[in-house]
Amino acid sequence: DGGITQSPKYLFRKEGQNVTLSCEQNLNHDAMYWYRQDPGQGLRLIYYSQIVNDFQKGDIAEGYSVSREKKESFPLTVTSAQKNPTAFYLCASSPRGGGGKTQYFGPGTRLLVL
Amino acid sequence: AQKVTQAQTEISVVEKEDVTLDCVYETRDTTYYLFWYKQPPSGELVFLIRRNSFDEQNEISGRYSWNFQKSTSSFNFTITASQVVDSAVYFCALSRGNYGQNFVFGPGTRLSVLP
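Chains A and B supply the protein sequences, listed in that same order. For the record, in the first sequence the residue sitting at position 30 is 30 according to the numbering used here, with numbers rising by one throughout. For the record, in the second sequence the residue sitting at position 3 is 3 according to the numbering used here, with numbers rising by one throughout.
FYI, nobody ran anything at the bench for these hints, they're computed from the structure. C-beta atoms are modelled at their ideal positions from N, C-alpha and C, and glycine is treated no differently. Take the hints with a grain of salt, since some may be wrong.
Claimed, not checked - Partial selection, computed: residues in chain B whose CB lies under 7 Å from chain A: (1) P40; (2) P41; (3) I49; (4) R50; (5) F54; (6) D55; (7) G62; (8) N76; (9) R96.
Said to hold, decoys possible - Heads up, simulated DSBU-like pairs for lysine-lysine below, C-alpha to C-alpha not over 35 Å straight-line: (10) B:K16 x B:K3; (11) A:K57 x A:K83; (12) A:K83 x B:K70; (13) B:K70 x A:K9; (14) B:K38 x A:K9; (15) A:K70 x A:K83; (16) A:K14 x B:K38; (17) A:K83 x B:K3; (18) B:K70 x B:K16; (19) B:K70 x A:K57; (20) A:K57 x A:K101; (21) A:K83 x A:K14; (22) A:K101 x A:K71; (23) B:K70 x A:K70; (24) A:K14 x B:K16; (25) A:K71 x A:K9; (26) A:K101 x B:K38; (27) A:K57 x A:K71; (28) A:K101 x B:K70; (29) A:K101 x A:K9; (30) B:K16 x A:K70; (31) B:K3 x A:K70; (32) A:K71 x B:K16; (33) B:K16 x A:K101; (34) B:K38 x A:K71; (35) A:K83 x B:K16; (36) A:K71 x A:K83; (37) A:K14 x A:K70; (38) B:K16 x A:K57.
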């Protein structure tokens with residue numbers, strides 16, 4: 001079954017701690033994305049990557065970091081600099097090659113601050 | 001700048017009623033793409049439809065239909081004979097045609113279908 005997996009489903013962060021959210025896809029997609037969703041709001045783009053070893057900041061990149069060492073994987077680190085990290089985080093992927101490609105989403109990770 | 005507006009924050013209907021979710025978009029691009037996604041309580045966004053700016057033909061898929069009107073910059077979504085399983089948050093999104101694949105999402109409409 002092709003798809004996107006995210007882990008863990010729930011994640012708890014202590015003050016000053018960095019945490020990493022996992023995103024893996026087996027759809028052979030080149031592009032991957034991270035979004036943040038706050039209650040009652042739409043999705044906002046954090047980072048995206050069009051190809052391995054390359055990524056760009058989205059609209060709300062401050063306090064987050066990513067890496068793209070493998071085509072299948074695009075982990076997101078929420079650093080201690082992110083002062084309000086409580087949110088639902090969604091990873092997505094799409095084929096590369098121009099605009100308008102459909103993005104497919106994983107099940108999400110809910111991050112809570114202790 | 002691109003923008004997507006979903007003016008209906010929440011809608012409640014009784015099962016078997018028809019319901020239309022509104023989506024109005026803003027863009028200066030001549031080539032663009034519009035999408036609808038469904039987010040059930042589990043949280044995962046499920047892709048429903050993709051439409052490019054050159055194709056104004058309405059589309060029907062089972063109980064779902066979409067009405068794309070460039071003249072009013074709208075891409076509305078109708079569910080016919082709604083069912084409890086249709087209860088979810090629905091998002092409309094806009095993607096630029098030639099400058100990457102970044103989406104602009106609307107704030108979503110929460111649909112509750114009551115038995």
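Status of the hints after comparison with the structure:
1. The beta carbon of B:P40 is not positioned within 7 Å of any beta carbon in chain A (closest approach about 11 Å), and the interface hint is therefore violated.
2. Because the closest C-beta pair between B:P41 and chain A is about 12 Å apart, greater than 7 Å, the hint is violated.
3. Hint status for B:I49 relative to chain A: violated, with the closest Cβ pair at about 9 Å, above 7 Å.
4. This hint holds: B:R50 has a C-beta 5 Å from the nearest C-beta of chain A, less than the 7 Å allowed.
5. A hinted interface residue such as B:F54 counts as satisfied when its beta carbon comes closer than 7 Å to some beta carbon of chain A; here the least separation is about 11 Å, so the hint is violated.
6. Look at B:D55: its Cβ only gets to about 11 Å from chain A, farther than 7 Å, so that hint breaks.
7. Using the Cβ-Cβ criterion of 7 Å, the hint placing B:G62 at the interface with chain A is not satisfied: the shortest such distance is roughly 19 Å.
8. At a threshold of 7 Å, the smallest CB-CB gap from B:N76 to chain A is about 17 Å, leaving the interface hint violated.
9. Interface hint status for B:R96: upheld, as the beta-carbon distance to the closest one in chain A is roughly 5 Å, under 7 Å.
10. At roughly 32 Å between alpha-carbon atoms, B:K16 and B:K3 fall within 35 Å of each other, so this suggested pair holds.
11. Among the hinted pairs, A:K57 with A:K83 is consistent with the structure: their alpha-carbon atoms are about 18 Å apart, no more than 35 Å.
12. Distance check on the hinted pair: A:K83 and B:K70 sit about 41 Å apart at the alpha-carbon level, beyond 35 Å; violated.
13. Only pairs whose Cα atoms come within 35 Å are accepted, and B:K70 paired with A:K9 is rejected, the gap being roughly 40 Å.
14. Restraint check: the Cα-Cα separation between B:K38 and A:K9 comes to about 19 Å, which is no more than 35 Å; the hinted pair holds.
15. Only pairs whose Cα atoms come within 35 Å are accepted, and A:K70 paired with A:K83 is accepted, the gap being roughly 29 Å.
16. Restraint check: the Cα-Cα separation between A:K14 and B:K38 comes to about 32 Å, which is no more than 35 Å; the hinted pair holds.
17. Note on A:K83 and B:K3: the hinted pairing holds, with a Cα-Cα distance of about 27 Å set against a maximum of 35 Å.
18. For the given pair, B:K70 sits about 30 Å from B:K16 by alpha-carbon distance, which is consistent with the 35 Å threshold.
19. The suggested pairing of B:K70 with A:K57 holds, with an alpha-carbon distance near 31 Å, which does not exceed 35 Å.
20. Between the alpha carbons of A:K57 and A:K101 the distance comes to roughly 19 Å, so the proposed pair stays at or under 35 Å and holds.
21. Proximity of A:K83 to A:K14 is assessed by CA-CA distance (about 11 Å); at most 35 Å being required, the pair is judged to hold.
22. Using a Cα cut-off of 35 Å, the hinted pair A:K101 and A:K71 holds, with the two alpha carbons roughly 17 Å apart.
23. The straight-line distance between the Cα atoms of B:K70 and A:K70 is roughly 40 Å, outside the 35 Å bound, and the hint therefore fails.
24. Taken as a hint, the A:K14 and B:K16 pair is broken in the structure, with Cα atoms around 47 Å apart against an allowance of 35 Å.
25. Under the criterion of a C-alpha separation no larger than 35 Å, the hint pairing A:K71 with A:K9 is consistent with the structure, at around 22 Å.
26. Restraint check for A:K101 and B:K38: satisfied, since their Cα atoms lie roughly 17 Å apart, inside the 35 Å limit.
27. Restraint check for A:K57 and A:K71: the C-alpha separation of about 18 Å stays at or below 35 Å, so the hint holds.
28. Taking the CA atoms of A:K101 and B:K70, the gap is near 20 Å; set against the 35 Å cutoff, the hint holds.
29. Among the hinted pairs, A:K101 with A:K9 is consistent with the structure: their alpha-carbon atoms are about 27 Å apart, no more than 35 Å.
30. A hinted pair counts as satisfied when its Cα atoms are at most 35 Å apart, and B:K16 with A:K70 does not qualify at roughly 47 Å.
31. Restraint check for B:K3 and A:K70: satisfied, since their Cα atoms lie roughly 33 Å apart, inside the 35 Å limit.
32. For the proposed pair A:K71 and B:K16, the alpha carbon gap of about 44 Å is over 35 Å, so the pair is violated.
33. Distance check on the hinted pair: B:K16 and A:K101 sit about 33 Å apart at the alpha-carbon level, within 35 Å; holds.
34. For the given pair, B:K38 sits about 27 Å from A:K71 by alpha-carbon distance, which is consistent with the 35 Å threshold.
35. Taken as a hint, the A:K83 and B:K16 pair is broken in the structure, with Cα atoms around 45 Å apart against an allowance of 35 Å.
36. Annotation: proposed proximity of A:K71 to A:K83 holds, straight-line Cα distance about 30 Å (limit 35 Å).
37. Our distance criterion of 35 Å between C-alpha atoms is met by A:K14 and A:K70, whose separation comes to about 29 Å.
38. Only pairs whose Cα atoms come within 35 Å are accepted, and B:K16 paired with A:K57 is rejected, the gap being roughly 44 Å.
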